[in-house]
Amino acid sequence: MSLYPTDLQYSKEHEWLRVTNDGTAIVGITHYAQQQLGDIVYIDLPPVGATVEQFKKMGEIESVKAVSELFAPASGEVLEVNEGLLNAPEAVNKDPYGKGWMVRVRLKDKGETTRLLDAQAYQAMLGPTGH
Amino acid sequence: MPPGLKRTPLYTTHLNLNAKMVPFAGWDMPVSYPSGIIAEHRAVRSSTGIFDVSHMGRLELRGSAACSLLDKVLTVDTPRLPVGRGRYTFVLREDGGILDDCIVYKLGPERFLLICNASRRDDVVNWLVQWMPPEPPKLIDRTEGTVMIACQGPTARDTVVGLLDSDLDNLMPFGCSELDVAGKRILAARTGYTGEDGMEIIAPAEMSNILWERLREKGATPCGLGARDTLRLEAGLRLYGQDMDTSTNPLEAGLARFVDLSKASFIGRDVLLMTNERGVTRKLIGFEMVGHSIPRHGYAILHEGQQVGTVSSGSYAPTLNKNIGMGYVPTALSALGATLFVDVRGRPVEAMVVRMPFYSRTPPVASVRR
Numbered sequence: 002m003s004l005y006p007t008d009l010q011y012s013k014e015h016e017w018l019r020v021t022n023d024g025t026a027i028v029g030i031t032h033y034a035q036q037q038l039g040d041i042v043y044i045d046l047p048p049v050g051a052t053v054e055q056f057k058k059m060g061e062i063e064s065v066k067a068v069s070e071l072f073a074p075a076s077g078e079v080l081e082v083n084e085g086l087l088n089a090p091e092a093v094n095k096d097p098y099g100k101g102w103m104v105r106v107r108l109k110d111k112g113e114t115t116r117l118l119d120a121q122a123y124q125a126m127l128g129p130t131g132h
Numbered sequence: 021m022p023p024g025l026k027r028t029p030l031y032t033t034h035l036n037l038n039a040k041m042v043p044f045a046g047w048d049m050p051v052s053y054p055s056g057i058i059a060e061h062r063a064v065r066s067s068t069g070i071f072d073v074s075h076m077g078r079l080e081l082r083g084s085a086a087c088s089l090l091d092k093v094l095t096v097d098t099p100r101l102p103v104g105r106g107r108y109t110f111v112l113r114e115d116g117g118i119l120d121d122c123i124v125y126k127l128g129p130e131r132f133l134l135i136c137n138a139s140r141r142d143d144v145v146n147w148l149v150q151w152m153p154p155e156p157p158k159l160i161d162r163t164e165g166t167v168m169i170a171c172q173g174p175t176a177r178d179t180v181v182g183l184l185d186s187d188l189d190n191l192m193p194f195g196c197s198e199l200d201v202a203g204k205r206i207l208a209a210r211t212g213y214t215g216e217d218g219m220e221i222i223a224p225a226e227m228s229n230i231l232w233e234r235l236r237e238k239g240a241t242p243c244g245l246g247a248r249d250t251l252r253l254e255a256g257l258r259l260y261g262q263d264m265d266t267s268t269n270p271l272e273a274g275l276a277r278f279v280d281l282s283k284a285s286f287i288g289r290d291v292l293l294m295t296n297e298r299g300v301t302r303k304l305i306g307f308e309m310v311g312h313s314i315p316r317h318g319y320a321i322l323h324e325g326q327q328v329g330t331v332s333s334g335s336y337a338p339t340l341n342k343n344i345g346m347g348y349v350p351t352a353l354s355a356l357g358a359t360l361f362v363d364v365r366g367r368p369v370e371a372m373v374v375r376m377p378f379y380s381r382t383p384p385v386a387s388v389r390r
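Taken in order, these protein sequences are the chains called A and B. Under my numbering, the letters of the first sequence match residues 2 to 132, in that order. Under my numbering, the letters of the second sequence match residues 21 to 390, in that order.
These aren't lab readings, by the way, just hints derived from the structure by calculation. These numbers were taken from a predicted model, which means no experiment stands behind them. Certain hints may be false.
[Stated by the list, open to error] Listed next, the in silico SDA-like pairs over lysine to any residue satisfying Cα-Cα at most 20 Å (straight line): (1) Lys342/B with Glu61/A; (2) Lys100/A with Ala34/A; (3) Lys342/B with Ile44/A; (4) Lys13/A with Ala120/A; (5) Lys342/B with Gly39/A; (6) Lys111/A with Ala51/A; (7) Lys95/A with Ala59/B; (8) Lys57/A with Gly366/B; (9) Lys40/B with Gly39/A; (10) Lys342/B with Gly85/A; (11) Lys342/B with Leu87/A; (12) Lys342/B with Glu84/A; (13) Lys13/A with Gln55/A; (14) Lys342/B with Asp45/A; (15) Lys58/A with Arg365/B; (16) Lys40/B with Tyr33/A; (17) Lys342/B with Tyr43/A; (18) Lys342/B with Val68/A; (19) Lys58/A with Gly366/B.
Whole structure, please, built from the sequences with the hints as guidance.
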């Protein structure tokens with residue numbers, strides 16, 4: 002799989018969004034983000050039923066050395082949380098776009114996704130250091 | 021690269037291995053290699069990891085006055101130290117506060133090597149100079165002309181012995197030996213900062229790459245400062261600047277066994293004697309998080325809603341698969357099993373006081389005390 006799948010949209014804060022036909026979307030962090038963080042040891046996600054707002058903090062992700070904030074790439078209501086990450090946070094490092102998925106949200110406004118980057122633009126943003 | 025950072029002899033090697041580099045005590049050091057901190061930590065616990073620790077201070081003292089100067093400034097009985105032996109020890113201020121924690125090796129009757137923290141090297145040098153007698157020993161700072169590689173793990177000694185010299189297999193823990201390899205003088209010591217068995221090797225800087233490569237060829241895993249920190253924390257080893265500093269004394273830090281109060285005289289002795297008699301008012305405890313959060317340096321330790329201490333060191337512990345930490349709390353709250361709370365970014369999370377070391381490579385014997 003490509004480091005930055007083309008069927009996803011990306012935020013400047015290194016989250017990705019996979020929009021599905023039913024008006025929901027899945028959120029995670031990118032390959033670049035997990036690589037920068039290093040071994041992830043704890044993830045603090047919003048609970049089911051919580052409201053998240055685009056580009057606002059929705060949780061925290063901790064690596065051995067540091068704590069980072071997670072920002073929602075789109076607004077909506079949290080429908081599902083990847084509970085498996087509580088005991089196996091390393092899934093985010095190993096498979097950031099698959100088993101490392103974090104939450105599923107019901108999108109408030111699909112139009113918000115115009116504020117996100119496509120794979121090409123995201124990679125361009127990373128520049129020569131991102132790979 | 022930020023301007024002004026010092027580079028060890030292995031700097032280019034770390035870049036070639038794609039290490040993540042960070043500034044540490046004025047040096048540009050590898051925090052981890054692409055394998056990551058947890059994999060490196062596990063390599064040390066299961067086989068052999070190698071660390072570039074060349075940033076640490078290496079101070080040689082020579083001459084008839086070397087022993088007495090060290091005996092004055094260190095908490096170890098220096099005259100009684102045998103040749104070929106090292107000891108973990110403290111340099112104390114007159115008020116008993118810790119100026120640095122070091123290892124001192126006696127290489128010869130009038131030749132010593134003092135290994136000190138990178139961040140404290142200048143302070144230790146100045147302190148030694150300050151206390152020199154009128155006919156002083158010779159002080160040679162060996163730091164920048166040498167490389168220091170720590171080789172740690174269950175197979176580390178075999179790796180080093182196989183590489184350097186079979187006689188090294190006879191070294192006792194904290195024993196040291198000088199040997200000639202290809203015409204160059206190398207010091208090998210059976211010491212480390214990970215809780216595993218292993219060796220630390222000091223060699224002329226020009227040997228750095230060949231030593232590192234030969235160790236890697238023998239299967240050693242390069243490890244950075246990130247894994248060094250998680251390993252030492254699990255082993256209950258204190259870090260100067262976090263768990264100890266000039267405002268703490270060895271008794272509070274739970275390291276009284278490295279202070280020889282029966283020694284007739286050393287700087288800081290009087291205050292420590294008094295403290296020993298009165299008892300310490302606070303203690304460095306080890307704790308384990310009960311709630312699912314990671315304690316970090318600087319987080320408040322709470323008791324009944326009030327701050328009673330501060331986390332000095334804290335991290336996820338890969339071998340234990342727990343979150344652990346250290347911090348000073350009032351003696352009354354330091355009992356094993358006591359409940360405390362850690363303020364994790366605004367939330368109080370439950371923790372429990374536990375015995376240190378958190379991890380031991382040999383299971384503790386029932387009669388051994390904390």
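Hint check results:
| no. | hint | result |
| --- | --- | --- |
| 1 | Lys342/B with Glu61/A | 18 Å, holds |
| 2 | Lys100/A with Ala34/A | 15 Å, holds |
| 3 | Lys342/B with Ile44/A | 15 Å, holds |
| 4 | Lys13/A with Ala120/A | 11 Å, holds |
| 5 | Lys342/B with Gly39/A | 18 Å, holds |
| 6 | Lys111/A with Ala51/A | 18 Å, holds |
| 7 | Lys95/A with Ala59/B | 13 Å, holds |
| 8 | Lys57/A with Gly366/B | 18 Å, holds |
| 9 | Lys40/B with Gly39/A | 10 Å, holds |
| 10 | Lys342/B with Gly85/A | 17 Å, holds |
| 11 | Lys342/B with Leu87/A | 13 Å, holds |
| 12 | Lys342/B with Glu84/A | 18 Å, holds |
| 13 | Lys13/A with Gln55/A | 12 Å, holds |
| 14 | Lys342/B with Asp45/A | 16 Å, holds |
| 15 | Lys58/A with Arg365/B | 14 Å, holds |
| 16 | Lys40/B with Tyr33/A | 14 Å, holds |
| 17 | Lys342/B with Tyr43/A | 11 Å, holds |
| 18 | Lys342/B with Val68/A | 17 Å, holds |
| 19 | Lys58/A with Gly366/B | 15 Å, holds |
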